[in-house]
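Asker: With the hints as constraints, model all of the structure from the sequences given.
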Amino acid sequence: MKNQKTYSLPVSPFAWLCAIMLLCCSFGKLHAQAVKTTAPVKKDTSKIKDTTAAAPGVKKTSYVKNTFEGNYLIDEQTVMVPIKGTFEFDIQHRFGTVEHGTTDLFGIFASATMRLGFSYVPVNNLQIGFGGTNEKMQVDGNVKYALLKQTKSGSMPVSITYYGDVAADTRKKDNTTLFVSTSDRFSYFNQILIARKFSDALSIQAGPNLSHFNNLQGYLDASGNVMPILKNDNFGISFSGRFKISDESALIANYDQPLTQNPANNPHPNLSFGIEMKTSGHDFEIFVGNYSSLIPQNNFVYNQNDFKKGQFLIGFNISRLWNF
Amino acid sequence: MLVATVMTVGIMSVAFTIDQQQKPWPVPDKDAKTANPVKSSKETIAAGKALYSLHCASCHGKAGLGDGNKAAQLKTQPQDMSKSDVQSQADGALFYKISEGRDDMPSFKKKIPDAEDIWSLVNYVRTLKK
Chain C
1 MKNQKTYSLP VSPFAWLCAI MLLCCSFGKL HAQAVKTTAP VKKDTSKIKD TTAAAPGVKK
61 TSYVKNTFEG NYLIDEQTVM VPIKGTFEFD IQHRFGTVEH GTTDLFGIFA SATMRLGFSY
121 VPVNNLQIGF GGTNEKMQVD GNVKYALLKQ TKSGSMPVSI TYYGDVAADT RKKDNTTLFV
181 STSDRFSYFN QILIARKFSD ALSIQAGPNL SHFNNLQGYL DASGNVMPIL KNDNFGISFS
241 GRFKISDESA LIANYDQPLT QNPANNPHPN LSFGIEMKTS GHDFEIFVGN YSSLIPQNNF
301 VYNQNDFKKG QFLIGFNISR LWNF
Chain Z
1 MLVATVMTVG IMSVAFTIDQ QQKPWPVPDK DAKTANPVKS SKETIAAGKA LYSLHCASCH
61 GKAGLGDGNK AAQLKTQPQD MSKSDVQSQA DGALFYKISE GRDDMPSFKK KIPDAEDIWS
121 LVNYVRTLKK
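Protein chains in written order, with the numbering used here: chain C, 1 to 324; chain Z, 1 to 130.
By construction, these hints were calculated from the structure, which means they are not laboratory data. What you are looking at is a predicted structure, and each value in this text was computed from that prediction instead of being measured. C-beta: ideal position from N, C-alpha, C; glycine also. Treat the hints with care, as some may be off.
Pulled from the structure, derived: some chain Z residues nowhere near chain C, Cβ distances all over 10 Å [to be verified]:
(1) T44
(2) G61
(3) Q77
(4) V86
Only pairs whose alpha carbons sit at most 16 Å apart, straight line, appear in this in silico EDC-like list of lysine to aspartate or glutamate [said to hold, decoys possible]:
(5) K49/Z to D184/C
(6) K60/C to D117/Z
(7) K136/C to D200/C
Beta-carbon label-pair distances, calculated as ranges [as the list claims (entries may be wrong)]:
(8) K75/Z to T182/C: 46 to 56 Å
(9) T61/C to A90/Z: 27 to 37 Å
(10) T61/C to S41/Z: 16 to 26 Å
Answerer: As structure tokens, this is what we get:
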């Protein structure tokens, strides 16, 4: 009889499975214990900037914060200049007027104006920006500087900021445009913004301004002289308000009043109101108003939407902020 | 045999995961020992609450329970600030973590550059304790 060698597992398959299960459980537990018993790493703190200590003997001026939530309050700028290093991207949109009702869904499906804008704060209190709008294919450059800031002590009761922009009509010259020379394409806007934060909830702002157009349409009188329809320089003033209803939301309102009397086609004032919602990186505003342009001088000189006739339009502003 | 196989596969699928809340976050001694220079008061807590609502609630939740609407998208579970894991840490440690950030937790020292504001935020976090 031959001696047959046989080979077999020393334990059953079931036992092997149990062993694998126990091994997996043990491995997970041991790994967690390894993490727990690792000594905390001492980091070299010599290069970590101490953000807590003020210089000895220096009294730091304490300014009122968040007079407004962002750069825009519907059609107006606010006194706020974001902190140094902030880069902002703005999307602004104004739909058609609501007077046609459901025919164009209250202006939402009518022709619209929109602007894409960018701004950056390279040094404290100074913001520079540029943008483009589909209205007459204008491009604009702007600057904003916080001249004075309201203090908590009351020694400075208001914040005062300068805002200015220059816009250029970049359309090709044709029989509908008024360009003779390049300078005819330019218009300018200068504004002083004065605001006070009355409480955590309420802030009010006033903004006298001056709009200038290098070139405007005129007409020939009986003697053949060129006469103006609108003046090249137009003064105006805006009033804006924000009332917070929660930490992230606020009711906002604007009233803009042109002041200069023109020979004809005097612009109408603007009344707008809406809601603002802010998050860590975004600022949203949705509102109704009369101003359809996204270049302020166009609104103050050319607006023909009359709120007394119900010529309102829906609009929104979206801002996205990054801190570099 | 089938039951044992299913149990094995189930246990193996979770065995190698690490509980993210247990991952330690060392704080330099100097920062951990820094005292809070902003006294806790109605005003500073209100200031901290406003900042919390704006910057923190989306991940940490309105009551600080780690249940914000963005929490599910994160790799790291946001800390439950009502628990002793957070409340037992010194003010300086909380200040450091808010300023410096780590992984899914952003650094806020540029977005909130004023140290007084971050200390006020720490004062508000203390009110979330259960």
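Asker: Against this structure, judge whether each hint is valid.
Answerer: Checked hints:
1. T44: holds, 13 Å
2. G61: holds, 14 Å
3. Q77: holds, 15 Å
4. V86: Holds: least Cβ distance 17 Å, greater than 10 Å.
5. K49/Z to D184/C: Measuring from Cα to Cα gives roughly 52 Å; hence the hint is violated.
6. K60/C to D117/Z: holds, 14 Å
7. K136/C to D200/C: Between K136/C and D200/C the Cα gap is close to 40 Å, so the pair fails against 16 Å, i.e. violated.
8. K75/Z to T182/C: 46 to 56 Å: 55 Å Cβ-Cβ, so the 46 to 56 Å window holds.
9. T61/C to A90/Z: 27 to 37 Å: With a Cβ separation near 29 Å, T61/C and A90/Z satisfy 27 to 37 Å, so the hint holds.
10. T61/C to S41/Z: 16 to 26 Å: holds, 20 Å
When each numbered hint is compared with the structure, violations occur for hints 5, 7.
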